[in-house]
Amino acid sequence: MPNKIKFLVFAVLLGVALLFGWGIMGTKKTNVMNTSAEVEITAQNLLSVFNDGNQKLMNGLKTEQIVEVTGLVKETNLMNGRITVLLKGNNDSPPYIICDMMPHQKTTVSQFKPNDSVKIKGVFKGYLKDAVFLDCIVTFSQAND
Amino acid sequence: MPYFWTALLLLAKRMIKHTFLWISILIFSHELRAQKVISRQGHVAFFSYTSVENIKAENNQVLGIVDLQHGDIAVSMLMNAFIFEKALMREHFNESYVESDIFPKATFEGTIQDFDANQQEDQTRIVKGNFSMHGVTKELEIKARIEHVNENYIISGTFEAVVKDYEIKIPPLLAGNIAKTVSVDFRFECLPYED
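Protein sequence lines correspond, in order, to chains G and H. Here our numbering is used: the first residue of the first sequence is 1, the next is one more, and so on. Here our numbering is used: the first residue of the second sequence is 1001, the next is one more, and so on.
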C-alpha cells in the first residue's frame, strides 16, 4: 500500500476516533449517584447564604457543584410531572430548597412526610427566591412523627 | 340603677366599635396578603423544529410573581436549569449559545392588560413587557390564558422568540440544526404569596 494511502487511512481513523471520543465526552452527564458531594451543608446554612448574605458560605458554593443538603421536608409534589422535594430551614416559611429528583426516586419520595429528616444530593443550579437543585437523589431519610 | 344602664350601653358601644375595628383589620390584612401570588415551580419549555433535528428543553423551577391589584408580573429563570434530552445539547446551549455563566438568568417584567383578579371565569389577556436574555432586552406582547381557581391563578400561553434577536450566535456548521424561531410554552400555577 503506498504511503500516501496509508497516511490517508490513518488520518481518517484518527479523525473518527477523535470525533467519537469528543462525542462520548460531550454527552457525559454529571453522575450524581457515583460522585461524592463537593459540599455538604445544612438547609439552614444554605438558605442563610440567601437570607443573610453569608459571604463565607457564598464563596464556597458554586453552580454545577454536587452538593449534599441535610434538612427537613416541607412538602413533596409532582408539579409539571416532576418529582419535587421542597426542603425548609428552621421554620416553616420560605425561602425553600427546591430539589428536582431523578425519576427512580419516586418510591422513596412518595414515603416522605412533612418534617421528615433527609439528606439529598444533587447539582446546585443557583438561587431565585429559593435555591434550585437538579438530578437529586436521597442519601438518607428518617421519619419524624 | 340608671348608672348601670349607662355603663352597659357604653360597654356595648365600645364592644361594637372594637369588633368592627378587628373585622376591618382582618379583612384588610387578608387583602394585603392576597394582593400577590407566586409560582416557585413555573414551567417554561422551548421547542426548535428543523428537518435535521428537533430540540426540546424545559425548566420547571421558574419563579413568577403577580401583583393582583395592578396586574404586574415578574418572571425569573435560571438558564442552566433547562433540562434537555441529550447532555450535549445542554452543554452547547449553556456554553456556546446563551452563555449561562455570564448571563445566568432570563427575566420578564410586564403587565397583564385589563386584568381582573376578581373574575372567576377564564380570561385571555395580552401581557406586555420586557424580556431579557443573553444581555438583550426585547419588548414582547404575549397572549396568556388566566384561570382563577379558588385563591390560585394559572397563567399559561405560548409565544415565538427569534434566536437572532437575542444575539445568540449559531456556528454555520450547526445552523441547520437550530430553528431561527423557537416556540416557547409557559405555565405558572400561582398560589397566595407567603414571605
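Among the hints, erroneous ones may be present.
Unchecked claim - Simulated pairs of lysine to aspartate or glutamate, DMTMM-like, Cα-Cα distance not exceeding 25 Å:
1) H:Lys1169 x G:Glu64
2) H:Lys1105 x G:Asp145
3) H:Lys1086 x G:Asp92
Claimed, not checked - Non-contacting residues of chain H with respect to chain G, defined by C-beta distances greater than 12 Å in every case (computed):
4) Leu1010
5) Val1044
6) Thr1050
7) Ile1065
8) Asp1165
9) Asp1195
Since the hints were derived computationally from the structure, they do not count as laboratory data. We put the CB at the ideal spot given by N, CA and C, even for glycine.
Results for each hint:
1. H:Lys1169 x G:Glu64: holds, 24 Å
2. H:Lys1105 x G:Asp145: The hint is violated at about 39 Å.
3. H:Lys1086 x G:Asp92: Roughly 37 Å between the alpha carbons, so the hint for lysine 1086 of chain H and aspartate 92 of chain G is violated.
4. Leu1010: holds, 42 Å
5. Val1044: At roughly 10 Å from the nearest Cβ of chain G, valine 1044 of chain H sits no farther out than 12 Å, so the non-interface label is violated.
6. Thr1050: holds, 20 Å
7. Ile1065: Incorrect as stated: the minimum Cβ-Cβ distance to chain G is 8 Å, not above 12 Å.
8. Asp1165: Fine: 24 Å to the nearest Cβ keeps aspartate 1165 of chain H off the interface.
9. Asp1195: Given that some Cβ of chain G is not farther than 12 Å from that of aspartate 1195 of chain H, nearest at about 7 Å, it is violated.
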